[in-house]
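A.B. asks: Letter by letter, the chains look like this.
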Amino acid sequence: MELDSLYQQVILDHYKNPKHKNLNESYTAQVHHVNPSCGDEITLNIQVQAGKVAGISWDGVGCSISQASTSIMTELVLGKDIDSAFEILGEFTDLMQSKGTKSGDEEVLEDAVALAGVSKFPARIKCALLGWMAFKDAVLQSKDKLGE
Amino acid sequence: MSKKFDPVEVRKDFPIFSKVMRGNSGLVYLDSGATSQKPREVLDAEREFYEKNNAAVHRGSHLLAEEASAAYEGARQKVASFIGANVDDVIFTKSATESLNAIAYSLGNSKSGSRYEIKSGDRIVLSEMEHHANLIPWQQLAKRTGAELAWFDVDSNGRLDLSNASELINSRTKIVALTHQSNVLGTINPVSEIAAIAHKVGALFVLDGCQSVPHFPVNVQSLGIDFLAFSGHKAVGPTGVGVLWAKAEHLAGMEPFLFGGSMIESVTMTNATWAPAPRKFEAGVPNMAQAVGLGAAVDYLQKLGMANVAAHDEELTGYALEKFSALSGVRIIGPKDLKDRGAVISFVVDGIHPHDVGQVLDQYGVAVRTGHHCAWPLMKKFGITGTTRASFYLYNDFQDIDILIDSIDRAQKYFKV
Ligand SMILES: Cc1ncc(COP(=O)(O)O)c(C=O)c1O
Chain D
1 MELDSLYQQV ILDHYKNPKH KNLNESYTAQ VHHVNPSCGD EITLNIQVQA
51 GKVAGISWDG VGCSISQAST SIMTELVLGK DIDSAFEILG EFTDLMQSKG
101 TKSGDEEVLE DAVALAGVSK FPARIKCALL GWMAFKDAVL QSKDKLGE
Chain L
1 MSKKFDPVEV RKDFPIFSKV MRGNSGLVYL DSGATSQKPR EVLDAEREFY
51 EKNNAAVHRG SHLLAEEASA AYEGARQKVA SFIGANVDDV IFTKSATESL
101 NAIAYSLGNS KSGSRYEIKS GDRIVLSEME HHANLIPWQQ LAKRTGAELA
151 WFDVDSNGRL DLSNASELIN SRTKIVALTH QSNVLGTINP VSEIAAIAHK
201 VGALFVLDGC QSVPHFPVNV QSLGIDFLAF SGHKAVGPTG VGVLWAKAEH
251 LAGMEPFLFG GSMIESVTMT NATWAPAPRK FEAGVPNMAQ AVGLGAAVDY
301 LQKLGMANVA AHDEELTGYA LEKFSALSGV RIIGPKDLKD RGAVISFVVD
351 GIHPHDVGQV LDQYGVAVRT GHHCAWPLMK KFGITGTTRA SFYLYNDFQD
401 IDILIDSIDR AQKYFKV
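In order, the protein sequence lines correspond to chains D and L. Start counting the first sequence at 1; every next residue gets the next number (this note's numbering). Start counting the second sequence at 1; every next residue gets the next number (this note's numbering).
I should point out that these hints are in silico values taken from the structure, not numbers from a laboratory. Heads up, a few of these hints could be off.
[As the list claims (entries may be wrong)] Within a straight-line C-alpha distance of at most 30 Å, the following computed BS3-like cross-link-like pairs (lysine-lysine) qualify:
#, chain 1, residue 1, chain 2, residue 2
1, D, K16, L, K380
2, D, K19, L, K380
3, D, K145, D, K16
4, D, K126, L, K303
5, D, K136, D, K21
[Said to hold, decoys possible] Residues on chain D that point at chain L, a partial pick, calculated with CB under 10 Å:
#, residue
6, Y15
7, Y27
8, F86
9, L146
[As the list claims (entries may be wrong)] Here are the in silico distance ranges between beta carbons for each label pair:
#, chain 1, residue 1, chain 2, residue 2, range
10, D, E2, L, K200, 56 to 64 Å
11, D, L23, L, S114, 20 to 28 Å
12, D, T93, L, S61, 37 to 45 Å
13, D, T101, L, S61, 35 to 43 Å
14, L, P377, D, K21, 39 to 47 Å
15, L, L327, D, K16, 20 to 28 Å
16, D, L23, L, K143, 50 to 58 Å
All values derive from a computational prediction rather than experimental measurement. Positions of the beta carbon are idealized from the N, C-alpha and C atoms, including for glycine.
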């Protein structure tokens, strides 16, 4: 069934047990993003230290795709230096825009390749990107604050 | 009154129902609240206009210009008799959104001292169940003029709380703008009652008829309202055409909102005067083919009979409410009884986000709307981010509802809730 290509088990697992979904009080930047077409919201805190993502936490409401994607993203970027985190972000955005033609590089994207099927459902791409765009924004705001 | 129609026969008039959907299913279209599907008559009317009569209306001295003008004005006549209006009081816009903005901007353009002027300290009364299209134009008018916004609360059953109506609509109130039927809850509001309260204090009553005009008989005279806005595309008509109706005295007294060709009486380099309504409010070459299509849509609806459409809606809604009440883990947002309730059912499924519910339904060919339905404040009131919404119309039948109910069950199994 086509649905199974969208809702892989990994996604349903992250949806039921999201990672780092518990706002940490210390952060270098906090961002709040909404998806105006469906009303989903996310708050994301990030701690940038010595060019690395030293801490990331979030809270929010959204569909399984947005929640799982955010959860997977936090696992991927935590502890990475900003440049490699942005490479992963670039890879993931490409995958989302691939209209089902790419399966994603598992070396780079790990669990996030499970979201490849989303690219065949145009209405859901925004859901998958919600947390990632919040992450990008938070990093840029941290850089501004830290004067980097 | 004509005999009640058979939705399965009606469906044959709508080419889109031959479409094959995801999962190789037929189309179960439960999203008419967003936009309705179009019968062949409407598509043909639009095409025929372009093929046989196309010319700019009200200009030109050739045969085509005459035919185009006759077709366009003929459509206006059809719409007028559909809503019990005088033909000159019906204005074609591009949508209900434009109609509502036109009222707000026109009032905002009033000359100082005019009865239509909105000033600081004046009050505009709305409700918590308004579509953004009947909220934001008023918010903006209030910001521009210094008027204040006030609104009717919605209670937990999805009905307006009218207990404080006469305090809310006070002597400073200039406008009361309300939806006839909520696009989220299905609630039908007591329009005449509230319009009468508005008139007691000299306020104007604006009705958003987007969800009512396509679904049950609406007569502007008997409702006792001042303005009506609706969209053609929710009433089996084309996109790109909407209607603004207002009482003749208002159209005569109010300032126009869009300026340009066709809406003038005379023009110099420094000044202009306005043609009488409806042309005063129809600047530029209008959406002619779409208006003609809307004329055909109105013919189509009248052939079925609006009382029949309303009865059919009610039958489906009653059936669906009963089926929903038997589901576990599913909660209806809106009235659970049939009284003053239209063919829209919003619901939440415990443990499954509306977007995910909609996605599973799509796998079975069931088209519903998910999200906040352009009524964000209402979602906040109910403490939710969105709902799944099924809306019914003349081409739906009991089987569609059975498939919907089955698919909700499948979604619950899929997400193991
Ligand atoms: C109650 C209500 N008002 C206004 C609108 C706006 O209509 P349109 O987008 O056609 O201008 C809608 C359509 O969604 C509606 O349901």
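A.B. asks: When you check the alpha-carbon spacing of K16 of chain D and K380 of chain L, does it fall within 30 Å?
C.D. replies: Between K16 of chain D and K380 of chain L the Cα gap is close to 24 Å, so the pair holds against 30 Å.
A.B. asks: Would you settle whether the hint for F86 of chain D is holds or violated, based on the nearest Cβ-Cβ distance to chain L being less than 10 Å?
C.D. replies: violated (28 Å)
A.B. asks: Is 20 to 28 Å a correct range for the gap between the Cβ atoms of L327 of chain L and K16 of chain D?
C.D. replies: holds (22 Å)
A.B. asks: Check the following: the C-beta atoms of T93 of chain D and S61 of chain L are separated by a distance inside 37 to 45 Å.
C.D. replies: For S61 of chain L against T93 of chain D, whose Cβ atoms are near 58 Å apart, the range 37 to 45 Å is violated.
A.B. asks: So does L23 of chain D sit 20 to 28 Å from S114 of chain L, Cβ to Cβ?
C.D. replies: violated (53 Å)
A.B. asks: For the hint on Y15 of chain D, just tell me whether its beta-carbon gets within less than 10 Å of chain L.
C.D. replies: Holds, because the Cβ-Cβ distance from Y15 of chain D to chain L comes to roughly 8 Å (cut-off 10 Å).
A.B. asks: Could you see if the CB distance from E2 of chain D to K200 of chain L stays within 56 to 64 Å?
C.D. replies: About 58 Å separates the Cβ atoms of E2 of chain D and K200 of chain L, which means 56 to 64 Å holds.
A.B. asks: So if I understand the rule, the pair passes when the alpha-carbon distance is 30 Å or less; does K126 of chain D with K303 of chain L pass?
C.D. replies: Distance of about 43 Å is beyond 30 Å: violated.
A.B. asks: Taking only the CA atoms, is the gap from K19 of chain D to K380 of chain L under or equal to 30 Å?
C.D. replies: holds (27 Å)
A.B. asks: What's the verdict on K145 of chain D and K16 of chain D, does the C-alpha distance respect the 30 Å limit or exceed it?
C.D. replies: violated (34 Å)
A.B. asks: If I claimed the Cβ atoms of T101 of chain D and S61 of chain L lie 35 to 43 Å apart, would that claim hold in this structure?
C.D. replies: violated (57 Å)
A.B. asks: Tell me if the straight-line CA distance from K136 of chain D to K21 of chain D falls inside 30 Å.
C.D. replies: Answer holds: K136 of chain D to K21 of chain D is near 17 Å, not above 30 Å.
Going down the numbered hints, you'll see the structure goes against 3, 4, 7, 8, 9, 11, 12, 13, 14, 16, while the others check out.
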